[in-house]
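A.B. asks: Now for the letters of each chain:
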Amino acid sequence: MAKPKNLILSSTVFERVVHWVLAGSCLFLFLTGFGLMFHSLSFIANFFPGGFYVMKLLHNIDGIIFGLAFLFALVAWGKDTLYFDEEDKKWFRVMGGYLWEVEKVPEAGKFNAGQKLFFMTLFLFWFIMMGTGIFMWFPIFPPELTRWLYALHALGTVVLGGFLVIHFYLGTYGNPGTFQVMGHGFVTKGWAKKHRAKWLRDVEAGRRSV
Amino acid sequence: MEEKVMLIDVSKCTACRGCQVACKQWNRLPAEKTQQRGTHQNPPDLTPTTWNLIRYTELPTKNGEMRWLFRKDNCMHCTDPACQRACPVPGCIFKTAEGAIVIDQEKCIGCEYCVNVCPFKIPQFDPATKKVYKCTLCWDRISQGQIPACAKTCAPGAVTFGAKDKMIAQAYARAKTLGGDATVYGDKFVQGTHVVYVLPEKVRMYEKMVVNPSIPVSVYLWKDFLKPLSVLAIGAALVGTFFHYIIKGPKRPEEGGE
Chain A
46 MAKPKNLILS
56 STVFERVVHW
66 VLAGSCLFLF
76 LTGFGLMFHS
86 LSFIANFFPG
96 GFYVMKLLHN
106 IDGIIFGLAF
116 LFALVAWGKD
126 TLYFDEEDKK
136 WFRVMGGYLW
146 EVEKVPEAGK
156 FNAGQKLFFM
166 TLFLFWFIMM
176 GTGIFMWFPI
186 FPPELTRWLY
196 ALHALGTVVL
206 GGFLVIHFYL
216 GTYGNPGTFQ
226 VMGHGFVTKG
236 WAKKHRAKWL
246 RDVEAGRRSV
Chain B
6 MEEKVMLIDV
16 SKCTACRGCQ
26 VACKQWNRLP
36 AEKTQQRGTH
46 QNPPDLTPTT
56 WNLIRYTELP
66 TKNGEMRWLF
76 RKDNCMHCTD
86 PACQRACPVP
96 GCIFKTAEGA
106 IVIDQEKCIG
116 CEYCVNVCPF
126 KIPQFDPATK
136 KVYKCTLCWD
146 RISQGQIPAC
156 AKTCAPGAVT
166 FGAKDKMIAQ
176 AYARAKTLGG
186 DATVYGDKFV
196 QGTHVVYVLP
206 EKVRMYEKMV
216 VNPSIPVSVY
226 LWKDFLKPLS
236 VLAIGAALVG
246 TFFHYIIKGP
256 KRPEEGGE
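Heads up: the protein sequence lines correspond to chains A and B, in order. This note's numbering applies: residue 46 is where the first sequence begins, and numbers increase by one. This note's numbering applies: residue 6 is where the second sequence begins, and numbers increase by one.
Quick caveat, the hints were computed from the structure, so don't treat them as lab data. Some hints could be false.
[As the list claims (entries may be wrong)] Calculated lysine to aspartate or glutamate pairs in the DMTMM-like style (CA-CA distance at most 20 Å, straight line): (1) B:Lys126 to A:Glu189; (2) B:Lys256 to A:Glu189; (3) B:Lys213 to A:Glu146; (4) B:Lys253 to A:Glu146; (5) A:Lys134 to A:Glu148; (6) B:Lys253 to A:Glu148.
None of the values given here were measured: they were computed from a predicted structure.
Start from the sequences, fold in the hints, and give me the full structure.
C.D. replies: Given below as structure tokens:
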């Protein structure tokens, strides 16, 4: 896509594809996982020819897809997210201006401190969900250990379930103008100034491309 | 139909293994390749096609002699079964009016959750069929007023079957008669099992007998805490973001940005 006038590229094709693969596989994991965890949602299994068996198999295979896609996510966003600096501490002190009125929100780079924390948590639970899931699929450990993996996998559902909703909110209604970051990838300069002023300066000075 | 209990009085067991054979016969379970381990216990453990096994324990006594302890091992048919709690498929593991816990292999998806949560390590996964199998308390017989095949065939009367209260009373009477370390095993665990033992020796003397069986803590954590909590977390996030939107409002970029 040619660069539209007055817009600025905020995410590359690579980033957008990785995000869509993560988003799609994650939602499918939630759908099938909830179908397995709640008997009241067992109707979800009816969508699959072969019922529960196929649903669980696809859940497992999709887990691998999500797991691999996350490796690309680390390549795409790891260097911009897996650290905190002084500015981030200030950002947390005012909660990024999300919860109460704040005179000035500390300027963020490509990702603000909240987004960094989100990605770090996702990284941790990616490890937990892959680590538990693979040995739920292939239970090679003694039962005394394997049943703790079930509990840990459910803990992941608790944390990631809450995160999913908040992530969705902040990427759409909560921050107008943001959703197109995962659409065509372009944002207005006003948006960039508001959300990632430091990054905007870097891009305009040619210190980074995206 | 009233609740029933299978009473296994191991003091009367002669380890003839008639029950093992009768179980295979009634449930049409094939014989299997086994291995010599220097014991009469055969096969070495429960398998997908051996739902009932006589375990042999050699117990040296103080005066240098050897005693044999025999124990018939099969599903305990818990009143509060961990397997059913863990099973993801509705109706796959079900409970009959008599108290039998049965796996419906038509519905089983071979996830092995039941295998890993059972406090007695009873359910057996068959990699060939990708299904889990275990004793059904002959639910197809007892629902027709018959007694389980193993009880039917037991010559010395070590395995009996009948009304729950009657069998438990019998068990305690028998333990009292035996005296010494004799105990009743089963009625106090997992809200009462539908298989109850009379054990002349201490529980820990018998092979693979769990001293204080209960639903594992991890299973409660998983199914009774984290599972409902996941709904709560998603619900709280939905409510929270809704109120954030209507009270604090979205974060709008400055209008007219170039």
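A.B. asks: Could you tell me which of the numbered hints above are not met by this structure, giving the numbers in increasing order?
C.D. replies: 2, 3
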